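Letter by letter, the chains look like this.
There are 2 protein chains.
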Amino acid sequence: MKGNQYMLLPGPTYIPERVQRAMSRPMINHRGAAFRDMQEEILAGIKQVYRTEQNLLIYPSSGTGGLEAAVANFVAPGDKVLAVSIGVFGDRLAEIAETFGAQVQSIKVPWGQAVDPEEVGARLAEDRNHDIKAVLITHNETSTGVFNDLKGVRRAMGNHPALTIVDSVSGLAAADLRMDEWGLDAVVSGSQKAFSIPPGLSFLAFSERALAKHRTNPQPNFYWSVDFGMEYQAKGQTPFTPPISLYFGLQEALRMMLNEGLENVLARHDGYRRLVRNAVQAIGLNPLADAVSASPAVTSVWMPEGIAANELRQYLLNNFNVVVAGGQQSLDNKIIRIGHLGSVRELDLLAVIAALEIGLRQMGYPVELGRAVAAAQEQIFQGTGDRRQG
Amino acid sequence: MKGNQYMLLPGPTYIPERVQRAMSRPMINHRGAAFRDMQEEILAGIKQVYRTEQNLLIYPSSGTGGLEAAVANFVAPGDKVLAVSIGVFGDRLAEIAETFGAQVQSIKVPWGQAVDPEEVGARLAEDRNHDIKAVLITHNETSTGVFNDLKGVRRAMGNHPALTIVDSVSGLAAADLRMDEWGLDAVVSGSQKAFSIPPGLSFLAFSERALAKHRTNPQPNFYWSVDFGMEYQAKGQTPFTPPISLYFGLQEALRMMLNEGLENVLARHDGYRRLVRNAVQAIGLNPLADAVSASPAVTSVWMPEGIAANELRQYLLNNFNVVVAGGQQSLDNKIIRIGHLGSVRELDLLAVIAALEIGLRQMGYPVELGRAVAAAQEQIFQGTGDRRQG
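Chains A and B supply the protein sequences, listed in that same order.
Number 78 in numbering that gives the first Met the number 0 belongs to position 79 of the first sequence; there are no gaps in the numbering.
Number 237 in numbering that gives the first Met the number 0 belongs to position 238 of the second sequence; there are no gaps in the numbering.
So here's chain A without its partners, still in its complex pose:
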């Protein structure tokens, strides 16, 4: 029998039982003391994950809502911005900025690669008059399984005064991010990724520099207004009714995450990355990303010549109740994407790799059954090993 689904998407992710139970608690008054205390704990917890002591707001929205909030508050109509895109979500952030009147200059990197920090540095160095007001960049690009070296990019920006606005919706808590130490100005994340709770909340952390920009920004704002958010946060509330059940889940997920330790959470995701890469490489498949910029949240794998990715995905779903993601836009039907973020068990990854072997063989690709699984087993057997290994 197929039983429960193996869902290995790059979000939404598996929801741990403890989080599920927390979300089943009865509603509380969102203008009362219990909510205030819960919000305080949650904000402190998320700030630890962001490694920031600056401002943080939670929006009732998808991750994209958090991105719109960052743009609407911190980019003024007419501002020149430099948008670094390495895939679908980088393009989306640029499109939001364009929608709200920014003059967008782009750095477009071929899909499957990260941006070279020096390229960003060079573009800003040319901008002697400081016309560029913000750099928009994706931390972890879900569509390709590549992450950008944010620390390197920020360092390459040097003393250029542009704000650094980061989409870390699928990156935070899977890949290292140090908002204050690296000097990032606005960082957006979401609940349905490494936080292991259902979709419906986005997070926006922002610096005093970003806030100063907001104060002079004529862009109209209501739902996304950081002023409303901060005004109500000071009272222990939110301006609009918060998704209370998701807050319950978030509180529990943060407790689990901080109890495990952030370093351990990051190491665990790095282990997933290596496990999946080693496994697919053992049967001759090629990951889309090279080892140095491969995402700890999702691994994209090229299908061999003659194998239709979407047909394979359908086979996995029909025969084993396994869900993995496909490619988007130009990568459609050419890659599969195996998500491994949040609360993933290594044994689930082994099981899905086993199913993948069977599926490939059924579709005519020569696989020695068990070979990819063995490569993954070997890694688990040897313990964490050298984290830098491809």
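A few of these clues could be false.
If several chains are the same, the list does not tell them apart, and a pair holds so long as it fits within one copy or across any two.
Capping the alpha-carbon separation at 30 Å, the derived lysine-lysine pairs in DSSO-like fashion look like this [stated by the list, open to error]:
| id | residue 1 | residue 2 |
| --- | --- | --- |
| 1 | K333 | K234 |
| 2 | K132 | K150 |
| 3 | K132 | K46 |
| 4 | K150 | K79 |
| 5 | K107 | K234 |
| 6 | K79 | K107 |
| 7 | K234 | K1 |
| 8 | K46 | K150 |
| 9 | K333 | K46 |
| 10 | K79 | K132 |
| 11 | K234 | K46 |
| 12 | K333 | K1 |
| 13 | K333 | K79 |
| 14 | K234 | K150 |
| 15 | K150 | K107 |
Just so you know, these hints were derived from the structure itself, not from any lab.
This one's a predicted model, so the numbers in the text were calculated from it and none came from an experiment.
Place chain B on chain A using the hints.
Relative to chain A, chain B alone:
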């Protein structure tokens, strides 16, 4: 012992066990067939509640997000709009329109009253050049416990071409609303009110006339764009990751609601309204609203001279774990608001009324204990009776 909380807010509301269980189901792929089927069922169900066959989108947001979506899509910068406000939420809708560049003319009705439809009609009749592009109006005003006669207002508008944009966040499924029959153009609602699921989803239904307005509206839109929403809905998806657990809950809540029958749901809310009014009047308290426009979702009650509303609320919380709402702005500390929308048991209302009697007596107001309860019991005993009775 105090045990579980009696939470009688005008939203969020009690979540039925069946809905809780549905929300605990594991995540599914929001780009897959199971989500598509669920969304189809949900959209059909909500449309039945709206009594519309027109367009409907679900946003991952608070109710206020749905209001912003209505304004951002259907009101152009510079448009003259007529905002009818009978309380805090009417003011909020006007403020959103102002934020996004509309020229707002207001009809402000004293708090506790509904608008006279003829007043709206008269204002539009004066507007011979049809400069007014939209009428913004609240269906049920949560801050006062008053509902507007939408049908009468729409009729009084006659053939004036202004769009009718309605905030029915706390009204829908508690008070009658017939979008198509009454000719409303955009109607916003939310999950945490009569739908009995946690906050986090808003609904926006809109007419072809509203859509035509959107087509020529230069207001920039991304997260709220009805184009994106409709484009993805045609594929059985949503443009941004949907709050899947809330969708599970909504599906279950709609099944319960449609199984009960919409007429019965409305009659039940009308019964709550009469029950609470009869009870408080039996001990000499005055509801803020008169019988004809008293909300079926929430009842506001004036405190007697010398009784501080917030002190009474604190007493009820401390001694009986009962949560009722207070007054907002000028009504703060002067009224309490007893919410009765969604899945409320009559016996819970009796219990809270009993606690209210005790609290009032403790605070020095002369109450013959049991009198308010008896009035409510009498109503239950006699069955539904005449629904028009105050």
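So, going through the hints one by one against the coordinates:
Taking the closest pair of Cα atoms, K333 and K234 come within 30 Å of each other only across two copies (21 Å); inside a single copy the shortest separation is 51 Å, beyond that limit. Taking CA atoms no more than 30 Å apart as the test, K132 paired with K150 passes inside one copy only; the shortest distance there is 19 Å, against 50 Å between copies. For a Cα distance limit of 30 Å, the shortest separation of K132 from K46 inside one copy, 25 Å, qualifies, whereas the shortest one across copies, 45 Å, does not. In this assembly of identical chains, the alpha carbons of K150 and K79 lie at most 30 Å apart only when taken from the same copy (23 Å versus 49 Å across copies).
Proximity of K107 to K234 under the C-alpha cut-off of 30 Å is restricted to the inter-copy arrangement: shortest distance 29 Å between copies versus 43 Å within a copy. For the homomeric pair K79 and K107, the shortest alpha-carbon distance inside one copy (16 Å) is at most 30 Å, but the shortest distance between copies (42 Å) is not. In this assembly of identical chains, the alpha carbons of K234 and K1 lie at most 30 Å apart only when taken from different copies (27 Å versus 50 Å within one copy). In this assembly of identical chains, K46 and K150 lie within 30 Å of each other by CA distance solely inside one copy; the values are 18 Å within and 49 Å between copies.
Within a single copy, K333 and K46 get their C-alpha atoms no closer than 38 Å, and across copies no closer than 39 Å, so neither meets the 30 Å cut-off. In this assembly of identical chains, K79 and K132 lie within 30 Å of each other by CA distance solely inside one copy; the values are 6 Å within and 34 Å between copies. Proximity of K234 to K46 under the C-alpha cut-off of 30 Å is restricted to the intra-copy arrangement: shortest distance 19 Å within a copy versus 38 Å between copies. When the C-alpha separation of K333 and K1 is checked against a cutoff of 30 Å, the pair qualifies only within one copy, where the shortest distance is 26 Å, while the shortest distance between copies is 60 Å.
In this homomeric assembly, K333 and K79 never come within 30 Å of each other (Cα to Cα): the closest approach is 35 Å inside a single copy and 52 Å across copies. Taking CA atoms no more than 30 Å apart as the test, K234 paired with K150 passes in neither setting, with 35 Å inside one copy and 39 Å between copies. Taking the closest pair of Cα atoms, K150 and K107 come within 30 Å of each other only inside a single copy of the chain (19 Å); across copies the shortest separation is 54 Å, beyond that limit.
In terms of the numbered hints stated before, the structure departs from hints 9, 13 and 14, listed from lowest to highest.
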